[in-house]
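Here's the letter readout for the chains.
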Amino acid sequence: MSAIWQHRLAERGVDRRLWLLLPATIFVLLLFIYPFLYGLSLSFQPMQGGGVLANYDKFFSDAYQRDTIATTLKIALPAALLNVLAAVPIAFRLRGRFRGKRLLTTILVVPITLGTVLTAQGLLNYLGPTGWLNRVLLSLHIVDNPIRLTNNYWGVFFSLVITGFPFAFLLVLSYLSGIDPTLERAAATLGASRAQRFRRITLPLLAPGLATTFLLTFVLAFSVFPSAVLVGNPAGSTRVISLAAYQAAYEQYDYSYASAIAMVMGAVELVVVAIVLLWRSRLYTGSTGGKG
Amino acid sequence: MKQIRATPLGWVIWAVVVFFFVNLAGIVLSVLVSSFGTKWFDTWFPSGFTTQWYGDAWREFTLFHVIVVTLLVSALVVVLSVLVGAPAAYVLARKNFPGKRLVYLTFLLPILMPPITYGIPLATVLYKFGFAGHLSGVVLANLVPSVPFVILTMTPFIEQVDPRIEDAARMLGAGTRAVFLKILAPLLVPGLLASAILVLVRTVGMFELTFLTAGPDSQTLVVALYYSMSAAGIRAQQSVDAMAVIYTAMMLVLLVVALRFVNPTQLVARVKEEPSE
Numbered sequence: 001m002s003a004i005w006q007h008r009l010a011e012r013g014v015d016r017r018l019w020l021l022l023p024a025t026i027f028v029l030l031l032f033i034y035p036f037l038y039g040l041s042l043s044f045q046p047m048q049g050g051g052v053l054a055n056y057d058k059f060f061s062d063a064y065q066r067d068t069i070a071t072t073l074k075i076a077l078p079a080a081l082l083n084v085l086a087a088v089p090i091a092f093r094l095r096g097r098f099r100g101k102r103l104l105t106t107i108l109v110v111p112i113t114l115g116t117v118l119t120a121q122g123l124l125n126y127l128g129p130t131g132w133l134n135r136v137l138l139s140l141h142i143v144d145n146p147i148r149l150t151n152n153y154w155g156v157f158f159s160l161v162i163t164g165f166p167f168a169f170l171l172v173l174s175y176l177s178g179i180d181p182t183l184e185r186a187a188a189t190l191g192a193s194r195a196q197r198f199r200r201i202t203l204p205l206l207a208p209g210l211a212t213t214f215l216l217t218f219v220l221a222f223s224v225f226p227s228a229v230l231v232g233n234p235a236g237s238t239r240v241i242s243l244a245a246y247q248a249a250y251e252q253y254d255y256s257y258a259s260a261i262a263m264v265m266g267a268v269e270l271v272v273v274a275i276v277l278l279w280r281s282r283l284y285t286g287s288t289g290g291k292g
Numbered sequence: 001m002k003q004i005r006a007t008p009l010g011w012v013i014w015a016v017v018v019f020f021f022v023n024l025a026g027i028v029l030s031v032l033v034s035s036f037g038t039k040w041f042d043t044w045f046p047s048g049f050t051t052q053w054y055g056d057a058w059r060e061f062t063l064f065h066v067i068v069v070t071l072l073v074s075a076l077v078v079v080l081s082v083l084v085g086a087p088a089a090y091v092l093a094r095k096n097f098p099g100k101r102l103v104y105l106t107f108l109l110p111i112l113m114p115p116i117t118y119g120i121p122l123a124t125v126l127y128k129f130g131f132a133g134h135l136s137g138v139v140l141a142n143l144v145p146s147v148p149f150v151i152l153t154m155t156p157f158i159e160q161v162d163p164r165i166e167d168a169a170r171m172l173g174a175g176t177r178a179v180f181l182k183i184l185a186p187l188l189v190p191g192l193l194a195s196a197i198l199v200l201v202r203t204v205g206m207f208e209l210t211f212l213t214a215g216p217d218s219q220t221l222v223v224a225l226y227y228s229m230s231a232a233g234i235r236a237q238q239s240v241d242a243m244a245v246i247y248t249a250m251m252l253v254l255l256v257v258a259l260r261f262v263n264p265t266q267l268v269a270r271v272k273e274e275p276s277e
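If you read the sequences in order, they're chains A and B. One point on numbering: in my numbering, the residue at position 38 of the first sequence is 38, and numbering is uninterrupted. One point on numbering: in my numbering, the residue at position 114 of the second sequence is 114, and numbering is uninterrupted.
Among the hints, erroneous ones may be present.
Covered, in the sense of this in silico footprint (three residues per stretch, anywhere, with C-beta under 8 Å from a C-beta of chain A), are these stretches of chain B [stated by the list, open to error]:
1) 55-69
2) 73-79
3) 242-251
Examples of chain A residues toward chain B, derived with CB under 10 Å [claimed, not checked]:
4) 43
5) 47
6) 48
7) 113
Facing chain B, from chain A, some residues (calculated, C-beta under 8 Å) [stated by the list, open to error]:
8) 18
9) 42
10) 46
11) 235
12) 239
Source of the hints: derived by calculation from the structure; they are not laboratory data. Here the structure is a predicted model, which means the values were calculated and not measured. Ideal placement from N, C-alpha and C gives every residue a C-beta, glycine not left out.
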């Protein structure tokens, strides 16, 4: 009997090789799913007493806390959008082969190595009131007084563009390189102009990749934390939600409230992800001709 | 070889790229110049140059210890995540089984979530069991995004290996172990290297998870850098700059090594290059 069962299961793909999944599955369950569920249940057991939803009530009834959601979205959405939109034309110019491509790609990727802290330090030095940028603008008489670009919204925004753009660029370039160039040449043979080829051939094939890129850069930008503290205005215009969660956990030692904020953060992020995925599912999803 | 054509739109794009890089160079150079400068107030350049800040940073921030910790954490994370991730990537690349989509989604989730969201509950759990505050806690926390990352990068490499090679080996009497060690492992060296190096770069640069779980003795370079910067005023600005330069130099070396093994444009899809005309 058991031999028959084994055979039937093997036909559906269940055989001994599935054991190889075990370490990774145990790992994900122990270090991701369990902590997540633990945090979720902790968030319903407020330390200060009160009902099950007391932590969430506290978060949403306090404008100082509630506004962190809007603040985070106001920084993360435009930054992610700009990174993706700027990456498209540049990646478009850089596909195919030409001399020095590797060097140029390397230079575009270098900002990844800077890390948030050097970027923050550099932004403070360079854009500060006595920094080089303001010196240039002042000596060219473009402005009369130093413009303020650090310790506010713009400092954080620039930091997100600098760290996020190379990443978006790499992804867009690899999606673009995955599109079979013969498709475009076929369109050209049939008389399509450059603009038509881009709009009717390349863009529809690229759109799902762009959605993925947008999501990944958005996740990076949404959890902005170090730069919001270092180059932003952490008490006001750049008080992002991860900062609120951090303060609850490590300054007030209220892990229950901190978990609740983390859950709100995850929920808001998943809503954006779901909207983008929903839009993406209506696009063409198939082979781009480049694989295999 | 084709030339890049210069259309009006092309010029605008290049102007934007150049503008971005001029400012980026300004940002990097201002830190570099400051780390070698003596005093720098309200002038174009510092009044003199010195290397004293590097010595100061090395001693004050106990950088030797911090760098040892950083390398140790990264090495452990790389080895463990490859050991756990590669077999799972093999199954996901080769087999269809009921529930495969669910398993795949579970492995993807840690990458799609912002680190702070799962980092705070994870740190709470790790504190509860006494891991956090030590090296082991930092390693465990960093494994969470690294294992899925190994799975994601390894899967396409495994798909490229023809399954008939494995079948042939089995026909000739090789057991599962022999197939893995003698057939698959040598063929997968490029994939293993690629994912190992990418995990290494990510772990050295990972701020949030390390920040949430590290104790005073288990800080990595990024976290030490953050603490030194947010406690500004106590220490000389320039020694923080010096430390940031050391960090970037380390990352740059790693990235240059990584780019030798990984073609950045082949991360998500295999490329069918345009034939050279």
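Q: Go through the numbered hints given earlier and state which of them the structure violates, listing their numbers in rising order.
A: 1, 2, 5, 6, 10, 11 and 12
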